[in-house]
Amino acid sequence: MKKAIVYVNQFFGQVGGEEQAGIEPQLHEGQIGPAMQFQKELDADVTHTIICGDNYMGSNTEEAVDRILTMLGGKEFDIFLAGPAFQAGRYTVACGTVCKAVKEKFGVPVVTSMNSETPGVDMFKKNMYIMEGGNIASKMRQDVKAMARVANKLLNREPIGSADEEGYFPRGIRHQTWLADGKPASERMVDMLLKKLNGEPYETELPIPKRDLVPIAPAVKNLKQAKIALVTTGGIVPVENPDRIQSASATRWGRYDISQTEALKGGVYKTIHAGFDPAAADADPNVITPVDALKVLENEEVYGSLHPYFYSTVGTGTTEAEAQRMAKEMVPYFKEDHVDAVIMVST
Amino acid sequence: MKLEIGNFYVKDIVFGDQLSLRDGVLTINKEEALAYIREDERITEAELYIAKPGDKIRMCPVKEAIEPRIRPDGRSIFPGYTGDLAKAGEGVTYALKNCSVLVVGRHWGGFQDGVIDMSGEGQKYTYFGQLNNIVLVADTDEEFERNEQQKKNDALRRAGHKLAEFIGACVRDLTPEDTEVYELGGMIRRDADVEKLPSVVYVMQPQSQMEEMGYNDLVYGWDMNHVVPTVMHPNEILDGAMVSGSFMPVSSKWATYDFQNCPNIKALYKEHGKTVNFLGVIMSNLNVALEQKERSALFVAQIANSLGADGAVVAEEGYGNPDADFVGCIVALEDAGVKTVGITNECTGRDGQSQPLVTLDEKCDAIVSCGNVSQLIELPPMETVLGELQALARDGLSGGWADDEILGPSVREDGSIIMENNSMFCGDQVCGWSPKTMKEF
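As given, the protein sequences belong to chains W and A, one line each in that order. So the first sequence is numbered by the working numbering: it starts at 1 and just counts up by one. So the second sequence is numbered by the working numbering: it starts at 1 and just counts up by one.
These are computed hints drawn from the structure, not numbers from a lab. Every residue, glycine too, gets a C-beta built ideally from N, C-alpha and C.
As a list, the in silico DSBU-like pairs of lysine-lysine whose alpha-carbon atoms are at most 30 Å apart:
no.	chain 1	residue 1	chain 2	residue 2
1	W	Lys196	A	Lys270
2	W	Lys183	A	Lys270
3	A	Lys270	W	Lys195
4	W	Lys195	A	Lys274
5	W	Lys210	A	Lys439
6	A	Lys196	A	Lys266
7	A	Lys196	W	Lys196
8	A	Lys97	A	Lys11
9	W	Lys195	A	Lys363
10	W	Lys196	A	Lys266
11	W	Lys139	W	Lys103
12	W	Lys183	W	Lys195
13	W	Lys139	W	Lys100
14	A	Lys11	W	Lys183
15	W	Lys75	W	Lys145
16	A	Lys196	W	Lys183
17	W	Lys196	A	Lys274
18	A	Lys439	W	Lys100
19	W	Lys145	A	Lys439
20	W	Lys335	W	Lys265
21	A	Lys52	W	Lys183
22	W	Lys335	W	Lys227
23	A	Lys196	A	Lys274
Among the chain W residues that face chain A by a calculated CB cut under 10 Å, a handful are:
no.	residue
24	Asp164
25	Trp178
26	Asp181
27	Val190
28	Leu194
29	Lys195
30	Pro209
In isolation and in its complexed conformation, chain W is listed as follows:
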């Protein structure tokens, strides 16, 4: 019999509600909460249940993940399941975070389930099978069944169908497939054409992602008085990377004091961006984050003044949703210091 381990939060782990959301990770033998239904549905034995409080996971992510990975260290398991997380925002992020770490460390398949309206979906759908789950816990049976169906295919090494056939969120992967009815392209073309001509709904076979274009801001009227801030997605950080910004698919950012710095020195700053050859940027970080030129222009009074921090994250693989969130977190700092304009330096 193959083996499975299930992750749940404090509530579904039957420890308690919000007042218990701070509990540290704990490993139990056997099945607790949803793990009991998984035991019935899976072609595997659920040997352990891991429980962790959502708040603990949210505010001590790295430590929580490390401890869970350590707990799993000696265990044999063929698949790892988390949730279902329904519409509980923190729980969805916890499920995605733990699944991703377990998949990377142990190389086993992982499956979770979340509602489409949760942050975990965009953050993790490219990394794993996330079943499109219900919005309330009363959908438990149905969501567990859906997870188990895909999990059993993974356990039995059967091919997994397309996202719409299986009910998981598309992972950004497109493959060719033979239509069951063999309907040729010419007939599909006519169907689509007639519907489009007649204003009826139709489904394109190649959905084009919507582009969320931001209009370019009008020119700064009075540059002489303007306070300018510098932001980069080029991954320039102090060499010790104090904010532990990821080298790709970043979710973290940092801001670094340059009020007393005339130029970013190689060896003091470097890039942690994994999407380009770092040699030039490591030798002279100003090529991506031009503190040197901006200080010169400030002294020459070309513009008013430079905001005392530069802001940095990594652009490669980072989702638009994460990028938006990080920008929104930066904005209050700019407002507080009455910044008039931002120079956004990409790679």
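Following the hints, position chain A against chain W.
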């Protein structure tokens, strides 16, 4: 314009004394046919084979496919290419159905050549796996391109077209089993009940990327690189006005067979008078320079507007650079108020994670998708190989490779192969056959 295609259904092919079609059995006098092929002094080596569905045959490097036909009135079936210029699309043409002439290199392949399997897992990847095929395997003295990755394949392709006409001649004096009639008069002053239907044009983007002549698709023998978009009658395409070229990664290619039978045109014909008013074809192209792409898109949109088209269908013979023409043309049509559907294949990479087309635009909101050129395909050995399988690995076929540190060579010692869909002969069938689509995983 009225075209009658008289169909003769080929159920079996054999070699024998006299070229003939009797009770569905096509008999070919092999020596006579080969002597005809060898009249072109460039042909140094030639042999004929028969490949039918279910046969344990793999062909590589396949260069072209043609439906055998004859015009009883003596006009050439490829005017301006195999014979004198004459009007195509009008009158009577006879066709041997369920049957094609395939041209395979005896030794040498190139970027634009491909693979066909007649049985097993590989059979479904090409349209020609389900046809009765007369296979010409030949070599030429075209030394200048022997070791070139891009080959014009001129002698071999012409040999195939001539052979198709040579074989088609056996039905010249016979009565077809059935006749397809394609008739479409002037675009204006049609019957009131037709004119009240939404009017539609079919926009074709055949391959024309090579600046040097001899590689691109031809219209009445004229290189498609040297045209600006123009109006054509759909019957002309069904009747040999278009001849396929020798350039694109071959899963994207439209063989001459595909032009002769173009399912997209036939599907629009079928709807004509019922759900749409099929105006005709706008023949565009796929030149490389941006200005040429923009010029073609301007022409297509202008012609569609001038003809009063409500809707359009755009199909591209290629991917990568041609995606810019495809997307640009759809955007130009949509901007001109023409509701447009596109048909294409995609290049999402072996892992399926790459952007599907080189450029994207939200205005392309109705696309029929026919496959992923970079899908990895692994196939077991085949009993018989026609041509030279090693060409897939050695000669720079778009879906093959000499060696790979993880996957090994495309052609293994036991005759099994691993390749990208790119080298499946006309595999993506954007001309309208394709039973494949693309899905999110």
